[in-house]
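Engineer: Chain residues, written in single-letter form:
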Amino acid sequence: MTAALTVVGWLDLVAAIVLAGGLLHARLVGAPSPAGRRALGRAALALAIVLPLEFGLTALRMYEVSGVSGAALVWDLLWARWGELWVLRCLGLAVLASSTRLDAVLAAPWLLLRSFQGHAGAHGTVPALIDWLHLIAAAVWIGTLVQLALLPRPLPAVVAGRVRTLATLALAVLVPAGVYAAVLHVQRLDLLIRSPYGLALLGKLALAAVLVALGAANHFRHVPAMRRGESAAPAQLARAVGAELVIAAAVLLVTSVLGALPMPHDHPP
Amino acid sequence: MKSRLRLLIVAGVLATPAPARAHAFLDHADPRVGSTVSSPPAALMLTFTEPIEAAFSHVEVTDAAGKRIETGPLEHPAPATITVSLPGLAPGSYRVTWAVVSVDTHPTEGHFAFVVKGP
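Keeping their order, the protein sequence lines are chains B and Y.
1 is the number of the first residue of the first sequence in our numbering; add one for each residue after it.
1 is the number of the first residue of the second sequence in our numbering; add one for each residue after it.
Just so you know, these hints were derived from the structure itself, not from any lab.
Hints may contain errors.
Stated by the list, open to error - For lysine to any residue, the following SDA-like pairs were computed, each having C-alpha atoms within a straight-line distance of at most 25 Å:
hint	chain 1	residue 1	chain 2	residue 2
1	B	Lys204	B	Pro264
2	B	Lys204	B	Leu189
3	Y	Lys67	B	Lys204
4	B	Lys204	B	Gln187
5	Y	Lys67	B	Ser66
6	Y	Lys67	B	Val68
7	Y	Lys117	Y	Ala65
8	Y	Lys67	B	Glu64
9	Y	Lys67	Y	Val33
10	Y	Lys67	B	Val65
As the list claims (entries may be wrong) - Stretch-level coverage of chain Y by chain B, calculated; a stretch enters the list once three of its residues show a Cβ under 8 Å from a Cβ in chain B:
hint	stretch
11	86-98
12	101-114
Each residue gets a CB set at the ideal place from its N, CA and C atoms; glycine is no exception.
Can you make the complete structure from the sequences, with help from the hints?
Structural biologist: Set out below in structure tokens:
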């Protein structure tokens, strides 16, 4: 059950980031390509499948834990905090998928609902808000990379330059918000290697370091080379972006695993 | 400049994260975990490290012979606290078994014992 919820949570996270990040890209960088628009539609469709699946799996887990079943189970879960946020996420998805002018404005607040649903939200408002900043920054970074990867070749230098600026700003938010979450959840350094949560966090940090290195190559080498008009640079950037997206998918998978694991702690009384 | 520095320090202190577990673990109980009480408690109160969903949580009390004690309905007076009323307990040892779900839907469970002292 935990494994199924982790996989579904990963699909939820990837689709939410592609959708919200893509909508923010459309507002901050430029109109998506036809392939980019199709990616947004597919992300919305994936969420329309994954969200009910997540509700069903969570209901099953609540049944296993409490024995509550039938209509009472559905009703109680809908009225639980997680369920209320789930309903709001579904309604928000309907608005985001409707391609109204509101979609880019609502994309960021819509991600807040996810932050309140998870570990950070269980701990309080400030951790949830900081988790939200982390999530928005990830969505901006990864969502714009997805849109960049789906542009017709050769990649335009102007768009690459805007994505470079956005990715840099996103990193400036991602890192402090991530450090806050790490300190919040792992209070002592030894717990990093003595707990499944700590080990998964180390794995995420290692993957994130590779991601940052690839981003740095784009920032300092490929995009400036494109601006200088070097003919090989667009293809080099496209390859680096593809590699970044693969690593980003792995980072999001580890993030979903972290969402399912208990925080490391001393034995409770 | 000094006032800006003060503001930064205050912001830093406010933003310093307190320990978080997300999965709800027992923080304290009344009667206390492993305690001996001189008179039968009227109620059992459990407080957890995180807010919980009462609809999916439950508490069971059994005596030394493993016989289930009939408690009152589970109440949820605070986000991280649940209580059940107890009948007049005879002297002896009791085991409390709890299973709760935190607000992010992660289940946890545990147990502890307490003793009601004889006259």
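Engineer: The structure should be examined with respect to each hint, and the outcome stated for every one.
Structural biologist: Okay, the hints, checked on the actual structure:
no., hint, result
1, Lys204/B <-> Pro264/B, "holds, 16 Å"
2, Lys204/B <-> Leu189/B, "holds, 16 Å"
3, Lys67/Y <-> Lys204/B, "violated, 48 Å"
4, Lys204/B <-> Gln187/B, "holds, 17 Å"
5, Lys67/Y <-> Ser66/B, "holds, 20 Å"
6, Lys67/Y <-> Val68/B, "holds, 23 Å"
7, Lys117/Y <-> Ala65/Y, "holds, 17 Å"
8, Lys67/Y <-> Glu64/B, "holds, 23 Å"
9, Lys67/Y <-> Val33/Y, "holds, 20 Å"
10, Lys67/Y <-> Val65/B, "holds, 22 Å"
11, 86-98, "violated (count 0)"
12, 101-114, "holds (count 10)"
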